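Residues in the sequence shown are numbered consecutively from 0, following numbering that gives the first Met the number 0.
Worth flagging that the hints you see were computed from the coordinates, not collected in a lab.
All values derive from a computational prediction rather than experimental measurement.
Don't be surprised by glycine CBs; every beta carbon is placed ideally from N, CA and C.
Take these hints with a grain of salt, some might be off.
What the hints assert, rightly or not - Simulated restraints, written as ranges between beta carbons of each label pair:
id, residue 1, residue 2, range
1, Asp283, Phe314, 56 to 64 Å
2, Leu9, Arg268, 49 to 57 Å
3, Glu231, Leu263, 25 to 33 Å
4, Ser141, Arg10, 28 to 36 Å
5, Arg104, His5, 56 to 64 Å
6, Thr262, Val72, 56 to 64 Å
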Amino acid sequence: MSVWSHLVLLRPQALWLLPLALLPWWLGSRAVSDWSWLGSVPADSASDALDIALRTLGSLALVVFVLALAAPVRQHDSIPRTSTGAHLGLVIDRSGSMNSTFAGRTPEGGEESKAAAAKRLLDAFVERRGHDRVGVVGFSTSPMFILPMTDRREAIRAAIAPIDEPGLAYTDVARGLAMAFSLFDERDPTASQVMVLVSDGAAVIDRRVQESLRAAFAARPLRLYWLFLRTERSAGPFDAPADPSQDTPQSMPERHLDLFFRTLGVPYRAFEAENAGELAAAIDAIDEAERGEVQWLEPVPQRDLAPFAFGIAAFACALLAAAKLVEVRVDLSMPGARR
């Protein structure tokens, strides 16, 4: 795209003054001469060239000055950049249990709830990964579409900020995951596509819903991470029951959700965190792993070009003033003066 296509005049009505640039060609010299008629003076090509140059310089000064009055600016533009990062879909549990501590009780004093710890660490995570595109979905009894995929840090942090607010009772992981796929509909095929599930529990997923999720994962080049915030004395995704008869989705939903994720055929890794320190380590591991190439457009702010135009006009006027100062007047009454 041409540079000129980005130029805009904020006050284009000033261009009506452009005919003033013809004044140097209409106005002749008003210098007093001892000659009543100069037709007999021999032609002087150097003087003619200098006269044309000075008139042209005067026209240039007027044209540029009028353009400066028209307030020229270079419009907002963007420059393609390449860096490391990913397209991240955060799927965050907003159920009531997230507002308890890792010990399974209401926070007291300086204690931090699981949701508060996740909020603090995810906020730091997206802040240090400046070139990721991030979308956010929440879920509890129903899924909540919070933020489409964007690279706006302020919007991303604002979407993460309320996750420690009181939530509802239930954890419908399946519907949250199903909604999160919409974050990747408009995607850069060259960027890493990552879904991060943050939850302290799971639920039984109907087999028909499982097949729907399996097909959705197969249709997209996604990588899946599960940050499981384990409450003290509760079962986790890696726990197998001593009694095989208890190894059911109803009795151990976290374990069977992990087993389901392992059958999806996509890169998958689960992290189990029993405190904020382990959660931080898990997030750091994701940060280290997801460093693929990502492309984005860096905006270039609008630039005011009027000062440059005024500078050119001033320089042209300075040259005209200098030409006037070195002008030589010949006294024809002096002996030896040529006529």
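Evaluated hints:
1. Asp283 to Phe314: 56 to 64 Å: holds, 57 Å
2. Leu9 to Arg268: 49 to 57 Å: Holds - the Cβ-Cβ distance for Leu9 and Arg268, about 54 Å, lies within 49 to 57 Å.
3. Glu231 to Leu263: 25 to 33 Å: Because 30 Å falls inside the window, the suggested range holds.
4. Ser141 to Arg10: 28 to 36 Å: The hinted range 28 to 36 Å is violated for Ser141 and Arg10, with Cβ atoms some 53 Å apart.
5. Arg104 to His5: 56 to 64 Å: Holds - the Cβ-Cβ distance for Arg104 and His5, about 60 Å, lies within 56 to 64 Å.
6. Thr262 to Val72: 56 to 64 Å: holds, 57 Å
Comparing the model with each earlier hint shows a violation of hint 4 alone; every other hint is respected.
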